[in-house]
Amino acid sequence: MRRSRKNPPAGVSAAIITVLLAAVICAMTPSDVSADKASSSLEKFKEPVDKAVDLALAFLAEKQITAAVAAKARKPALAGSFESRMVGNTGISSLCVMAFLAKGHTPGTGPYGDVINDGIDYILSTSQTNGLLISPERAGRNGSGPMYAHCIATLLLSEVSGMVSPNRQKKLDKALPKALALILAAQRVRKNSRDAGGWRYRPESRDSDLSLTGWALMALRSARLNGAAVPTESINDAVKYVMRCRTRDWGFSYQAQSGSASPSRVGVGLLCLELCGNQHGSEVTTRAADYILRNYQGNRHFGGSHAAYAVYYCSQAMFQVGGKHWEQWGQRLYTTLLNIQKKDGSWTLSGSRGGASYSTAMCVLAMTVSYRQLPIYQR
0 MRRSRKNPPA
10 GVSAAIITVL
20 LAAVICAMTP
30 SDVSADKASS
40 SLEKFKEPVD
50 KAVDLALAFL
60 AEKQITAAVA
70 AKARKPALAG
80 SFESRMVGNT
90 GISSLCVMAF
100 LAKGHTPGTG
110 PYGDVINDGI
120 DYILSTSQTN
130 GLLISPERAG
140 RNGSGPMYAH
150 CIATLLLSEV
160 SGMVSPNRQK
170 KLDKALPKAL
180 ALILAAQRVR
190 KNSRDAGGWR
200 YRPESRDSDL
210 SLTGWALMAL
220 RSARLNGAAV
230 PTESINDAVK
240 YVMRCRTRDW
250 GFSYQAQSGS
260 ASPSRVGVGL
270 LCLELCGNQH
280 GSEVTTRAAD
290 YILRNYQGNR
300 HFGGSHAAYA
310 VYYCSQAMFQ
320 VGGKHWEQWG
330 QRLYTTLLNI
340 QKKDGSWTLS
350 GSRGGASYST
360 AMCVLAMTVS
370 YRQLPIYQR
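The opening position of the sequence shown corresponds to residue 0 in numbering that gives the first Met the number 0, with each subsequent residue numbered one higher.
These aren't lab readings, by the way, just hints derived from the structure by calculation. Wrong hints could be hidden among the right ones.
Said to hold, decoys possible - With a straight-line Cα cutoff of 16 Å, these simulated EDC-like cross-link-like pairs (lysine to aspartate or glutamate) come out:
| no. | residue 1 | residue 2 |
| --- | --- | --- |
| 1 | K342 | E61 |
| 2 | K341 | D53 |
| 3 | K190 | E232 |
| 4 | K74 | E136 |
| 5 | K36 | D49 |
| 6 | K62 | D113 |
| 7 | K62 | D343 |
| 8 | K45 | E326 |
| 9 | K170 | D120 |
| 10 | K43 | E326 |
| 11 | K190 | D236 |
| 12 | K102 | D49 |
| 13 | K169 | D120 |
| 14 | K323 | D289 |
| 15 | K342 | D53 |
| 16 | K239 | D206 |
| 17 | K36 | E326 |
To be verified - Pair by pair, the computed Cβ-Cβ distance ranges are:
| no. | residue 1 | residue 2 | range |
| --- | --- | --- | --- |
| 18 | V86 | D289 | 39 to 45 Å |
| 19 | A37 | K341 | 27 to 33 Å |
| 20 | P75 | G112 | 17 to 23 Å |
| 21 | K190 | G258 | 20 to 26 Å |
| 22 | T231 | E282 | 20 to 26 Å |
| 23 | N338 | S39 | 18 to 24 Å |
| 24 | T128 | K36 | 45 to 51 Å |
| 25 | G303 | R84 | 17 to 23 Å |
| 26 | G112 | E42 | 28 to 34 Å |
| 27 | Q168 | T128 | 19 to 25 Å |
| 28 | A72 | Q330 | 40 to 46 Å |
| 29 | G112 | K45 | 23 to 29 Å |
Values in this document were obtained by computation on a predicted structure and should not be read as measured data. Ideal Cβ positions, reconstructed from N, Cα and C, are used throughout, including at glycine.
Let the hints inform the model, and build the full structure from the sequences given.
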């Protein structure tokens with residue numbers, strides 16, 4: 000299948016939009032250095048992991064909807080997106096594009112240059128007047144709400160800013176600041192002490208959850224690293240919300256001050272603190288990393304109904320923790336995913352409601368974290 004409202008949200012000042020529009024976002028600098036080279040127990044996985052990732056990327060390239068296929072289906076707006084159980088989901092298509100970037104492929108060059116460009120064009124085409132990155136195919140039927148897909152798509156645009164052609168960069172410079180402004184405005188809606196600093200399914204939601212907060216924080220951190228004027232206060236408030244989600248067993252719950260921990264939630268909380276919370280090496284992060292290793296299940300069911308999500312977040316988090324935690328996690332992760340990859344290059348993990356494209360992209364992103372190709376992966 001490979002191969003093409005109206006006002007800013009309430010609370011977004013013209014000044015914020017202007018500052019974000021003026022932000023200079025730097026290109027990422029790919030490197031061939033893998034962090035696993037320092038470990039003999041992980042270095043041995045390099046060749047099989049490279050082969051598995053290459054096979055997975057070939058699978059994903061075949062799942063991109065071409066302009067011809069989209070036109071034949073009378074849905075030209077879907078050109079450049081990726082096949083999914085959630086047709087037109089900008090989040091899933093963004094994850095697929097990031098999978099190619101994570102292996103070191105770049106827009107417009109190499110075997111997947113057009114795949115990446117077409118995927119970026121699709122995301123840019125979904126930008127709404129209020130900044131929301133959502134396909135018309137998903138409008139009105141986003142289940143709980145559009146913020147998951149929006150935050151992931153915003154993360155992609157931030158990661159590729161500076162890497163694309165001048166024409167695409169011009170479109171990106173228009174879409175990305177609005178997307179970031181919407182995320183910032185959505186955070187400020189909350190007034191109660193329990194949910195302050197977090198995000199939820201919709202821009203106007205007044206409660207928060209850890210899962211959505213993780214994606215929003217990733218997008219904001221990426222943009223901030225690349226030069227966008229993301230307020231320090233917004234990052235700090237989000238970290239405070241994450242800290243309120245801690246549980247007594249050194250895990251993290253879905254919402255603040257309620258619920259129990261799970262591997263996927265602990266992965267989100269740990270990554271947020273490692274990236275943004277000045278908690279590296281603290282008891283909080285060390286115990287959370289211990290929790291992940293203690294609860295690891297070496298099969299496709301790790302993380303239960305959110306297995307792909309758990310693998311993705313736990314891998315990023317454990318890489319940030321580093322040391323023995325990453326070494327132990329890396330050995331288990333590589334062994335598991337290499338053993339369960341399908342012959343066509345895909346992965347289907349437990350509860351992958353987004354389909355094979357989603358779970359395959361998440362597995363690629365988990366396995367390539369040590370390549371440090373994406374800026375968000377940097378320690």
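Hints versus structure:
no., hint, in the structure
1, K342 to E61, "14 Å, holds"
2, K341 to D53, "13 Å, holds"
3, K190 to E232, "15 Å, holds"
4, K74 to E136, "9 Å, holds"
5, K36 to D49, "14 Å, holds"
6, K62 to D113, "14 Å, holds"
7, K62 to D343, "12 Å, holds"
8, K45 to E326, "13 Å, holds"
9, K170 to D120, "9 Å, holds"
10, K43 to E326, "12 Å, holds"
11, K190 to D236, "12 Å, holds"
12, K102 to D49, "9 Å, holds"
13, K169 to D120, "12 Å, holds"
14, K323 to D289, "10 Å, holds"
15, K342 to D53, "12 Å, holds"
16, K239 to D206, "15 Å, holds"
17, K36 to E326, "11 Å, holds"
18, V86 to D289: 39 to 45 Å, "40 Å, holds"
19, A37 to K341: 27 to 33 Å, "31 Å, holds"
20, P75 to G112: 17 to 23 Å, "22 Å, holds"
21, K190 to G258: 20 to 26 Å, "22 Å, holds"
22, T231 to E282: 20 to 26 Å, "25 Å, holds"
23, N338 to S39: 18 to 24 Å, "21 Å, holds"
24, T128 to K36: 45 to 51 Å, "47 Å, holds"
25, G303 to R84: 17 to 23 Å, "18 Å, holds"
26, G112 to E42: 28 to 34 Å, "29 Å, holds"
27, Q168 to T128: 19 to 25 Å, "20 Å, holds"
28, A72 to Q330: 40 to 46 Å, "44 Å, holds"
29, G112 to K45: 23 to 29 Å, "24 Å, holds"
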